[in-house]
Amino acid sequence: MYGYSGKMLDIDLTAGKIRERPVEQDLAGEYLSGLGFNARLLYEEIPAGADPLGPENVLAFNVGVLVGTTVPTASRTEASALSPATGLFGTANSGNFWGSELKFAGFDGVIIRGKAESPVYVWICDGQATILPAGHLWGRDAWETVRQIRRELGDDAIQVAAIGQAGENLVRFASIENGPFDAWARTGLGAVMGSKNLKAVAVRGRGAVRVAHRKDFLQAVDDTRKAIFSSPFYGSFSRFGTMLASLPYQEFGALPGRNYQRGAIDGWVETCSRKVLPRYSTRGVACMACPIACAHWVEVKEGPYAGLRLKDLEVTPVIGFGAGCDINNLPAIAMLTETCQRLGMDMVSAAAVVAFAMEMYEKGLIGEKDLGFSLNWGDERATISLLDMIAHRRGMGDLLAEGVRRAARHFPGASRYAVEVKGLECFLLDPRARWSTWTLGYITNVRGGDHLRTRNPVENLRYNENPVPYLTEKFGFPEEMYERLDMPDEWKKEIFDPVTRDVNIPEMSRWAEDLIAVYNALGMCIRPPVLHTVGPTLFARLYASLTGIDITPAEVIRAGERIWNLQKLFNLRHGEKPADSDYPSRFYDEPVTAGPAAGRRLDREKVREVLREYYLARGWDPDTGVPGAAKLAELNLLR
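Add 3 to a position in the sequence shown, counting from 1, and you land on the number used in our numbering.
Each hint should be verified, as a subset may be incorrect.
[Stated by the list, open to error] Here are the simulated SDA-like cross-link-like pairs (lysine to any residue), alpha carbons at most 25 Å apart as the crow flies:
{"hint": "1", "residue 1": "K118", "residue 2": "L44"}
{"hint": "2", "residue 1": "K118", "residue 2": "D159"}
{"hint": "3", "residue 1": "K229", "residue 2": "R213"}
{"hint": "4", "residue 1": "K495", "residue 2": "L619"}
{"hint": "5", "residue 1": "K580", "residue 2": "L44"}
{"hint": "6", "residue 1": "K372", "residue 2": "G416"}
{"hint": "7", "residue 1": "K366", "residue 2": "R604"}
{"hint": "8", "residue 1": "K366", "residue 2": "P415"}
{"hint": "9", "residue 1": "K20", "residue 2": "K118"}
{"hint": "10", "residue 1": "K580", "residue 2": "V629"}
{"hint": "11", "residue 1": "K118", "residue 2": "T133"}
{"hint": "12", "residue 1": "K304", "residue 2": "P334"}
{"hint": "13", "residue 1": "K609", "residue 2": "N467"}
{"hint": "14", "residue 1": "K118", "residue 2": "R396"}
{"hint": "15", "residue 1": "K229", "residue 2": "R209"}
{"hint": "16", "residue 1": "K314", "residue 2": "Y283"}
{"hint": "17", "residue 1": "K314", "residue 2": "G381"}
{"hint": "18", "residue 1": "K278", "residue 2": "F184"}
{"hint": "19", "residue 1": "K496", "residue 2": "A620"}
{"hint": "20", "residue 1": "K118", "residue 2": "Y46"}
{"hint": "21", "residue 1": "K477", "residue 2": "R504"}
{"hint": "22", "residue 1": "K314", "residue 2": "D144"}
{"hint": "23", "residue 1": "K118", "residue 2": "A132"}
{"hint": "24", "residue 1": "K118", "residue 2": "D144"}
{"hint": "25", "residue 1": "K366", "residue 2": "H413"}
Worth flagging that the hints you see were computed from the coordinates, not collected in a lab.
Could you put together the complete structure from these sequences and hints?
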């Protein structure tokens with residue numbers, strides 16, 4: 004096959020056997036690769052009632068078909084399993100160099116099933132795979148594991164997907180670390196690896212990706228690169244990365260201050276915004292084939308964390324720990340980032356769990372005798388100690404390792420402080436203060452309260468307006484941006500008002516979810532300069548010229564819709580109920596108490612109304628959100 008390696012590894016840890024399975028061209032045409040392959044595989048192989056931490060769970064890594072080429076930002080691999088955090092479709096996406104190395108080694112994916120009798124790791128190199136003992140690695144953190152595997156195999160270019168102590172101890176929000184600084188973070192996939200006694204998957208390859216139509220492919224790559232460079236978001240995002248959002252969220256009063264009690268933080272601009280970034284970082288860091296380099300190389304040269312050096316200062320830990328836990332200095336947040344990376348924990352959930360515990364401490368539900376120390380807002384040392392307790396399930400950490408939904412059941416009245424959707428801790432933007440396509444996505448998201456599967460490609464952070472409450476958000480860009488958006492005209496007419504260009508939130512949510520499913524299937528990044536400029540037209544050209552499989556832009560977006568619907572069907576099989584697609588009660592019952600959004604809270608009826616409109620846009624039952632037979636037949640999902 005062109006583009007694809009044409010085969011996957013299927014590893015049964017119980018039997019200690021490895022076999023190869025071919026990639027079928029029909030599967031490629033309908034599901035593309037990456038997330039699409041994982042969705043189909045998990046739907047077919049994980050039965051209802053399976054234990055996420057049992058041997059019948061299946062963990063799949065599948066690389067986007069564009070990865071290993073010169074397509075800008077094509078570096079992403081999707082990892083998926085039944086989630087220990089939610090009991091639903093668990094999936095996470097990561098870039099760096101692991102995926103390209105797997106492609107160069109001759110494989111499009113790795114499927115892992117069963118459970119090893121004792122700790123092991125998998126070594127994949129140039130078409131061969133071996134299961135090796137990992138007893139000497141068990142108990143080590145993720146960074147130490149990466150270094151030791153490279154040392155014992157004698158190659159610093161080896162890419163390693165590894166778990167830390169959190170994964171070993173089955174923390175439900177444990178991550179799989181992708182080298183030292185990246186991760187498949189959300190939905191607890193690190194705990195799935197830990198439950199299988201799998202410490203790491205190491206890969207090295209020296210092969211190449213075959214291109215079907217080289218001239219057409221190079222032209223499509225060049226046009227994609229030019230499109231990304233032409234985005235008005237490119238320059239600022241290349242300089243500041245995700246930290247661009249740190250100022251608008253404060254200005255809108257949409258920060259999750261002190262576990263979503265305050266929408267703004269005193270001194271935020273001077274301590275935790277992008278304006279402080281140049282003190283600690285002078286260069287960007289890029290993943291494979293990326294011309295943006297949005298991450299930051301951080302060096303702390305003075306103070307208690309002097310000597311700290313790592314890839315850091317994404318908006319996620321800065322807002323999670325900085326606002327959620329009220330920790331008001333970037334060096335401390337860098338230290339907390341390193342702590343999560345070493346222990347192997349999702350930083351969104353880790354910060355949310357600590358903030359939840361801090362509020363319980365504030366309200367008197369837990370005390371020093373429960374923890375062994377005080378846990379006041381802003382206490383960075385206590386936060387580091389608590390994260391270590393969680394990773395090792397010591398004392399109170401054992402309860403908190405279950406995530407906020409399960410932990411709250413042990414403390415009367417604590418459920419009101421547990422900010423989660425479908426069991427997954429929410430991202431760090433308060434929907435009471437900023438209602439948008441992005442925040443509606445918290446409750447429509449197939450993986451729970453998360454921000455990375457729905458996003459308006461033309462979200463405008465200069466405005467915080469809903470011209471029609473709950474139903475539209477302001478566009479506010481020049482007409483040229485509307486005209487150049489890679490979206491079919493019939494979709495534009497559904498999504499954008501013909502006069503004002505205001506964005507219909509339910510319709511945009513559907514488009515964005517399907518589009519991002521394509522990104523996660525093909526292996527490209529969804530950073531704003533890319534998401535804004537690269538759509539189904541460029542994807543169709545890239546895919547067809549690389550693989551030789553003809554595909555139209557309409558078929559590309561239909562593949563995304565198929566992938567999204569299949570994940571929804573998986574969730575319904577595993578127990579998702581209509582009531583699960585809702586915000587935590589705090590957002591309805593309690594107003595924001597500080598900042599520009601003070602006094603705001605969500606309206607339950609308005610939320611139900613917009614959710615109903617979203618279901619109608621999807622062709623699902625408007626009351627239950629269940630895909631109907633007509634939609635499934637249209638997507639070839641009735642089997």
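Verification of the supplied hints:
1. K118 x L44: holds, 19 Å
2. K118 x D159: Outside the cut-off at roughly 29 Å; violated.
3. K229 x R213: The hint holds at about 23 Å.
4. K495 x L619: holds, 17 Å
5. K580 x L44: holds, 23 Å
6. K372 x G416: holds, 19 Å
7. K366 x R604: Judged against 25 Å, a Cα distance of about 21 Å means the pair holds.
8. K366 x P415: holds, 12 Å
9. K20 x K118: OK: K20 and K118 at ~12 Å, within 25 Å.
10. K580 x V629: The given pair, whose Cα atoms are some 9 Å apart, holds under the 25 Å limit.
11. K118 x T133: Satisfied, since the Cα-Cα distance of roughly 15 Å is no more than 25 Å.
12. K304 x P334: holds, 9 Å
13. K609 x N467: Judged against 25 Å, a Cα distance of about 18 Å means the pair holds.
14. K118 x R396: holds, 22 Å
15. K229 x R209: violated, 29 Å
16. K314 x Y283: holds, 11 Å
17. K314 x G381: Holds. K314 to G381 sits at ~23 Å (cutoff 25 Å).
18. K278 x F184: holds, 23 Å
19. K496 x A620: Measuring from Cα to Cα gives roughly 13 Å; hence the hint holds.
20. K118 x Y46: holds, 20 Å
21. K477 x R504: holds, 8 Å
22. K314 x D144: holds, 17 Å
23. K118 x A132: The hint holds at about 17 Å.
24. K118 x D144: holds, 21 Å
25. K366 x H413: Status holds; Cα separation ~15 Å.
Checked against the numbered hints above, the structure breaks hints 2, 15 and satisfies the rest.
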